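Bring the two chains, given one by one in their own frames, into a single complex with the hints.
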Amino acid sequence: MINLFINPFEQLTDRQLLSYGLLIFAAMVLLGWQWEFVADGIVQLHHAPAKPLWKVLINQSINLFSLSLLMFLFGKLSYAKTRFIDVFNVVLIANFTQLLVVLVLLNPWTNHILLPVEKAILEGDILLKSVPKQNLIVLGIAGFFAIGMLYYFFHLLVLGMKLAMNSKKVYQVILIVLLTLLLDSLLKFTNPYL
Amino acid sequence: MKFPIHCPACDTEMAVVKLSCSSCHTEVSGKFNFPALMRLEPEEQEFVLEFLLNSGSLKEMANKMGKSYPTVRNKLDELIEKLKSF
Chain A
1 MINLFINPFE QLTDRQLLSY GLLIFAAMVL LGWQWEFVAD GIVQLHHAPA KPLWKVLINQ
61 SINLFSLSLL MFLFGKLSYA KTRFIDVFNV VLIANFTQLL VVLVLLNPWT NHILLPVEKA
121 ILEGDILLKS VPKQNLIVLG IAGFFAIGML YYFFHLLVLG MKLAMNSKKV YQVILIVLLT
181 LLLDSLLKFT NPYL
Chain B
1 MKFPIHCPAC DTEMAVVKLS CSSCHTEVSG KFNFPALMRL EPEEQEFVLE FLLNSGSLKE
61 MANKMGKSYP TVRNKLDELI EKLKSF
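These protein sequences, in sequence, are chains A and B. Take the first sequence: its position 193, counting from 1, is numbered 193 in UniProt numbering, and each next residue is one higher. Take the second sequence: its position 22, counting from 1, is numbered 22 in UniProt numbering, and each next residue is one higher.
These are calculated hints, taken from the structure and not from any lab test. Note that the structure is a prediction, hence the values are computed from the model and not measured. Ideal Cβ positions, reconstructed from N, Cα and C, are used throughout, including at glycine. Some hints here could point you the wrong way.
Subject to a maximum C-alpha distance of 25 Å in a straight line, what follows is the list of computed SDA-like cross-link-like pairs (lysine to any residue) [claimed, not checked]:
| # | chain 1 | residue 1 | chain 2 | residue 2 |
| --- | --- | --- | --- | --- |
| 1 | B | K75 | A | L31 |
| 2 | A | K169 | A | R83 |
| 3 | B | K67 | A | G140 |
| 4 | B | K67 | A | I2 |
| 5 | A | K119 | A | G140 |
| 6 | A | K55 | A | L103 |
| 7 | B | K64 | A | L18 |
| 8 | B | K2 | B | F32 |
Label pairs and their in silico Cβ distance ranges [claimed, not checked]:
| # | chain 1 | residue 1 | chain 2 | residue 2 | range |
| --- | --- | --- | --- | --- | --- |
| 9 | A | L22 | B | I80 | 31 to 37 Å |
| 10 | B | G30 | A | L69 | 21 to 27 Å |
| 11 | A | K81 | B | G66 | 17 to 23 Å |
| 12 | A | I6 | B | N33 | 36 to 42 Å |
| 13 | A | H155 | B | S85 | 28 to 34 Å |
| 14 | B | K84 | A | L4 | 55 to 61 Å |
| 15 | B | L58 | A | L136 | 28 to 34 Å |
| 16 | B | L52 | A | I6 | 28 to 34 Å |
| 17 | A | K81 | B | N33 | 48 to 54 Å |
Some residues of chain B that are not near chain A, with every Cβ distance over 12 Å (derived) [unchecked claim]:
| # | residue |
| --- | --- |
| 18 | S22 |
| 19 | N33 |
| 20 | K84 |
Extracted from the complex, chain B is given alone in its bound form (with noise of 0.2 Å):
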């Protein structure tokens, strides 16, 4: 299920307003903003792994994507910009 991160019905940012131990029921309630990386939409945040997972190296995820090198470094450029947003 894709985790919803903007509302479905105004398209406003999500806030986590209650965490539930799975162990001993626990619930805490408060105002949790998502962190940075939760706040990326779902292919933002495989871009992000399969970044980490290719050690940093762009040449290598654009090979195993089919892409060229610029389209990679562009990508990654923008989400910088994105995340520097928030």
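The shape of chain A in the complex, shown without the other chains (with noise of 0.2 Å):
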């Protein structure tokens, strides 16, 4: 069973990591409606005015696709047998991680602790010593999990990309890793979402 979270690539065949992408990326969709946050940057998730379902869904889509084709135009260029459905459902599958620091860290209860500490950071209180002691151990908490969620994404996308790609070589992870950095950076700078 947790070689299923370690590696689900080589665990699942095509249809069923489809089929669990495609219900993480409707749950993303869902929880982004609900609990109003946007994903504005390939590892980014930010809380944003409340925007209706289509524009949730387009906003998530951007991540998914731009992604996809940046790793697949990646692989096809070092591996000429690479599939685009083989990369779109390691993209699907990598969302995972955000799908559980969502459900973790951007729920209403979380929200209700983590809430007064940005209000204070906005406040000018950089030393936060308006907010509560608990508020702030559930901080560092929050901390490490994001943390532990982004080192979890990078795993799942590298794994996933080397097997689409067959690549056994070193620098291709580094490559990976930086394209999906600049890629985020650059969603963030040109922000196209809705």
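Next comes the structure, spelled out in structure tokens:
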């Protein structure tokens, strides 16, 4: 069972990967709509004003398709037999980590604890003296969890891409991470979201 | 019983030195190298057999094995490289 989370790409069939991936995508769209957040980058999640469902769907699709296309082009250049559907499945499954972040950190209960921290920072209380101690403990745990999930995201992305493009080269792993971070910055800078 | 391809003592690839007819017991001695397919590991031979039985459809094979398509395709690529190196 644990292997399924460490390397789902070898344990599941294409159809299973696509089905689970689409379920994750659907959950992200519905939660983004209900809990009012936007993934304004590949590894970004921020609160946003309420939006209609179709706008949340398009915003989420921008990340999914831009990363899939970039990884597919990279994969195709490195290994001619790379298929788009395999790369697409990898990106869909890697989003599982974002779903975990959303469920743990952007749920209404955690929001209730973390919003005073955000408010204190906006009001200039950088040392967070006005924030209760228990809120700061939750903030600390949330920080570690977010870093862990970021690592898990790249673990899944790299592992899946290595399989999709039959790669055994270390420099390609570095390029996958760098290209993803570059796309993340580009999306953040151009802000194509509705 | 597992067919021994490598020497159990030094792991060098072995060769057939004697063949015998099960009917008239004629024996032929010499040094015969294994054919390429016989030089693969048993699980690799099994993979090649499965590939043939699935009419060369990696997609069908992946579904039957419960693995993803690229996992099976990469295994085939590895085998092709191995066979080319013989």
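Results of checking the hints against the structure:
Simply put, K75 (chain B) and L31 (chain A) have alpha-carbon atoms about 39 Å apart, too far for the 25 Å limit, and the pair is violated. Between K169 (chain A) and R83 (chain A) the alpha-carbon distance is near 19 Å, which keeps this suggested pair within the 25 Å criterion. A hinted pair counts as satisfied when its Cα atoms are at most 25 Å apart, and K67 (chain B) with G140 (chain A) does not qualify at roughly 39 Å. Of the pairs offered as hints, the one joining K67 (chain B) and I2 (chain A) holds, with about 16 Å between alpha carbons and a cut-off of 25 Å not exceeded.
A distance of roughly 17 Å separates the Cα atoms of K119 (chain A) and G140 (chain A); the hinted pair therefore holds under the 25 Å criterion. Straight-line distance between C-alpha atoms of K55 (chain A) and L103 (chain A) comes to about 21 Å, which keeps the hinted pair within the 25 Å bound. Taking the CA atoms of K64 (chain B) and L18 (chain A), the gap is about 17 Å. The hint holds against a cut of 25 Å. Proximity of K2 (chain B) to F32 (chain B) is assessed by CA-CA distance (about 19 Å); at most 25 Å being required, the pair is judged to hold.
A C-beta distance of roughly 33 Å is found between L22 (chain A) and I80 (chain B), which places it inside the suggested range of 31 to 37 Å. One distance hint, 21 to 27 Å for the beta-carbon pair G30 (chain B) and L69 (chain A), is violated here, with the actual separation near 59 Å. Restraint check, K81 (chain A) to G66 (chain B): a C-beta distance of roughly 21 Å satisfies the suggested window 17 to 23 Å. Look at I6 (chain A) against N33 (chain B): about 41 Å separates their beta carbons, and that is inside 36 to 42 Å.
Checked against the hint of 28 to 34 Å, the pair H155 (chain A) and S85 (chain B) passes, with Cβ atoms roughly 32 Å apart. Checked against the hint of 55 to 61 Å, the C-beta distance between K84 (chain B) and L4 (chain A) comes to roughly 34 Å, which is inconsistent with it. Here the CB-CB span from L58 (chain B) to L136 (chain A) is close to 53 Å, at odds with the stated 28 to 34 Å. Remark: the range hint 28 to 34 Å for L52 (chain B) to I6 (chain A) is upheld by a beta-carbon distance near 32 Å.
Judged by the Cβ atoms, the range 48 to 54 Å given for K81 (chain A) and N33 (chain B) is violated: they are separated by roughly 32 Å. The claim that S22 (chain B) is not at the interface with chain A holds, since no C-beta of that chain comes within 12 Å of its own (minimum 43 Å). Annotated as non-interface, N33 (chain B) keeps its C-beta farther than 12 Å from every C-beta of chain A; the closest such distance is 29 Å. Every Cβ of chain A is farther than 12 Å from the Cβ of K84 (chain B); the closest lies at roughly 15 Å, confirming the non-interface assignment.
Hint compliance for this structure: hints 1, 3, 10, 14, 15, 17 are broken, all remaining hints hold.
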